[in-house]
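Residue numbers (this note's numbering), protein chains in the order written: chain A, 51 to 313; chain B, -18 to 342; chain C, 53 to 397.
By construction, these hints were calculated from the structure, which means they are not laboratory data. Don't take every hint at face value.
Claimed, not checked - Lysine-lysine pairs mimicking DSS-like chemistry, simulated, CA-CA at most 25 angstroms apart: (1) C:Lys70 x C:Lys181; (2) A:Lys142 x C:Lys181; (3) B:Lys192 x A:Lys128; (4) A:Lys142 x C:Lys260; (5) A:Lys255 x C:Lys160; (6) B:Lys243 x B:Lys223; (7) A:Lys263 x C:Lys352; (8) A:Lys255 x C:Lys260; (9) C:Lys267 x A:Lys255.
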Amino acid sequence: MTNPVQPVPCKILSVVQESETEWTFRVETDVRPQCGQFMQLSIPMVGEAPISVSAQGDGWVEFTIRSVGKVTNVIFQKEPGDLLFLRGPYGKGWPLEQFRDKHMVVITGGTGLAPVRSMLRRFAAEPGLVRSVTLVAGFKDEGGIVFRQELEAWRTPFRTIYTLDKGEKEGWRTGLVTEFVKEIPFTTFDRNYAAVVVGPPPMMKFTGLELLKQGVPDDRIWMSFERKMSCAVGKCGHCRIDETYVCLEGPVFPYTQARYLVD
Amino acid sequence: MNHDINIKKLRLNCFRQSKEDGKFMLQMRVPGGFVEAKYLSMIRHISETWGDGNFHFGTRQTFDICGIPYENIPAVNAYLKDYIEEVDEQLCQVNMDQVAGVPAEWDRRGGYPTIGARNISACIGDYHCICGNINTFALARRLEKLIFPSHYHIKINISGCPNDCNKAHLCDFGIIGCAKIDYHPERCIGCGLCAKMCEHGATRVLSLNEKNGKIDKDPCCCVGCGECVKACPAGAWTRNPKQFYKVILGGRTGRQTPRTGKMFLNWATEDVIAGVLGNWQKFSAWVMDYKPEYLHGGHLIDRAGYKKFKEIILEGVELNPECLVAEDIFWHETEYRSNFNVKPLSAHHTAGPQPEGTHAH
Amino acid sequence: MGFRIEAGLADEILRELKKSYQIYAPKRFPGQGRFAETDLIRYDEVSALSEIVFDEKSDYPAKEVITPIQQAIFYFTEEEYRASRGKSKPILLFARPCDINAQRVQAKIYAGNGGYEDLYYTRMRERVKFVLMECPGGDDTCFCASMGTNRTDDYGMAVRPDGAGGLLAEVRDEELLPYFSQAPAADFTPAFVTENETAVTPPEIPDKETLLKLKAHPVWQEFNGRCISCGACTLACSTCTCFTTRDVVYGDNPEVGERRRVSASCQVEGFSDMAGGHSFRPTAGDRMRYKILHKFHDYKARFGDMHMCVGCGRCTSRCPAYISVTATVAKVNAAVAEIRGALGQ
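Construct the entire structure; sequences and hints are all you get.
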């Protein structure tokens, strides 16, 4: 009998500091997660946590991890050549087939950018996959900005609104992402669009409400949930909301479903 | 009114002089403060027939019936026969035909033979209380026969747990029921509620070990209250079925040198408590040169000195292996006046057998 | 096959069975109850019939044998995770119908949910043969008949104490039959409780809108003042499955240790806390709602065939704050009726 919670050792290929508190680890593996899926990452003697895949390529995946919590703190002492233990990928990612040929609106708060990063990289790498991309990315302050180089590079292929909750920065706006939803030109999208929202729970809630206010139908909004998980395979019960297990049916949910997922 | 009454003799008979001319208050023993409710009809009968119709809960859990005219006392004493026989002789198996171990025939219609050993008071204990570790009145009933009847004074308070609602810290010999707690780590879910409860209501000996998700304990400072047992959702803490006690010694109230008691024994078994109290008469007699005085136990310990007390009181007592004994005790008294103990040498108290012709103060 | 087994023979049979089986049954632990001089009844290995408590419901459920409060799932040395191997000796588990039916619920989650089969559950469950303890009727916290869990067919053997220290037994499992060759035949099949003193009607929540309104209903606020969030109800629950994993280092050598699975309670604060500090369901009322709706709505909404609650009543018995699950469901029903009325349903 196979053991669905058996972790597999994987070598760290590189470690890149993204921000004051965020680091990206590239790990050697043959698994090819869907954009938006997550994996269980563990370090012996420390523990295990669900981490979303922030990028992937031939023979590697990347995880962008915030320096919080017991598991993640120890990861920062790891260097290339060290081992991390992985299992997964788990859950349902972004429905890329449904997004094909649509105008895409992506709204993120903080490290909420990580779960959509691999999808954005694909949109940038494969012009024509979707009609257009509007990216609204917000961060608390300058120190919290992640994927700086990619954000700059995306200014060309995407329509971008980058914002800091507080503080000034050249080329950046100031304010919460919710304030910029009304600047998204939904009327030009010919009713052929989808909106993706990822960030801390309050940010997702209020952004969802703002989108509805702007006339976006609820079946065109998608969100990715983050929850505590001990197993990621529907056993431990931590991520359950009503009859839904975030690890199994999520982390990506259509808003039509997400609006009922009240903890 | 023209009375000729021996009030000292009446006091020994458990009748207290009243400020009302010629009247007295009866103090009925209720070991552990717990008897069947049927006795309330006796109280009512005495009070309404011979007293003033009222009664008071004595501060040491006696039934106190006040306003009894002197001339009614023989009738009250005759009526008390059944109560004393049932409660002391039968329930507590007290040998009433002795005083402090010396044979002395009890006049069954003459009421209580001595007042010295005061009623053993107790909280309700684990008969009812969710905190109680021991059955307090069962212990009181076991101890009653060791100290009563006797002219040597001792106040014993029993508390069922270290919350000490019955103030073991404020009597000569305070007994507190304690539990040794067993930990079953395989049942522990690491919720930490026990540690929270210990911090909130006890001695902060528990802490959640973040490394293994289990509880670390400082066993030395555990008071044995059992709050962790009560709190644990998983049964990971259980009371060891063997019951233990602390003895808090030498506490008192009073006009001269009130003080809280200090710990004499920790983790003693009931047999050790009984053994120690079995030596109480011997110790008191020795201190007062075999001539009882109206003087409470704590003062006797002061006169003898703690180390002498310890020597006599532990004679022949087999201590259980867990039992710890205070090597020394330093009480802290309230100083109503400074240098209270500094006085002419001739006014000093003596302890132990004195040469013929002298008398201890 | 039915048998009458005298006291002496019963212990002889038990001794023989112990050579091939681990035998677990509810056992009395004197003085280990929550309060002084009260007993605790929980599952443990037994060697004599007299150790088995038949006449009183155990404080903790039979699930503890199959999904223990704590178990090692991996051992690690330096850079290897090796799954714990577990034991192979089969288990005879004495249990009432509620506890046996509870395993249908646990299996749905552990052995089926999401298409993942949990190695640790399945390998333990496969070792277990149930010995059905005919239920003498439970107590006033029981409501198995309401939940349809008063009967079961999942047993290798069924027993009823004969009142004289022996047993009446029905042996259905071929592998167990040889152990009873000395026992005289007797006509016995176990009876099942058909009605409890207490009855429960699980709430009818017809749609998501009603559910959303129920979640926000003030009915849950009562528990903010009453529930102390200790989690005793979930530890006592026959069906609760939630756990947390934890890595533990052995002694002073940081290269050796184990990954443990430890029971977790949704009633205890911190159950939903994420590494970043965000937590959900911050009040006792929120957490009570989460538990009650899982037991009486959410589980069935997902798995279909039955409610999660098997009506064993242990949550009520163990609650130190006297919160009755049956009274709580009644209050929820009233709230649902109010919501449905307002929605014109």
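Comparing the hints with the structure gives:
1. Distance check on the hinted pair: C:Lys70 and C:Lys181 sit about 13 angstroms apart at the alpha-carbon level, within 25 angstroms; holds.
2. At roughly 38 angstroms between alpha-carbon atoms, A:Lys142 and C:Lys181 are farther apart than 25 angstroms, so this suggested pair is violated.
3. Taking the CA atoms of B:Lys192 and A:Lys128, the gap is near 20 angstroms; set against the 25 angstroms cutoff, the hint holds.
4. Among the hinted pairs, A:Lys142 with C:Lys260 is consistent with the structure: their alpha-carbon atoms are about 22 angstroms apart, no more than 25 angstroms.
5. Note on A:Lys255 and C:Lys160: the hinted pairing is violated, with a Cα-Cα distance of about 32 angstroms set against a maximum of 25 angstroms.
6. Between B:Lys243 and B:Lys223, the direct Cα distance comes to roughly 24 angstroms. Compliance with the 25 angstroms bound is thereby established for this hinted pair.
7. Under the criterion of a C-alpha separation no larger than 25 angstroms, the hint pairing A:Lys263 with C:Lys352 is inconsistent with the structure, at around 35 angstroms.
8. Annotation: proposed proximity of A:Lys255 to C:Lys260 holds, straight-line Cα distance about 18 angstroms (limit 25 angstroms).
9. For the hint pairing C:Lys267 with A:Lys255, the CA-to-CA distance comes to about 17 angstroms; that is within 25 angstroms, so the pair holds.
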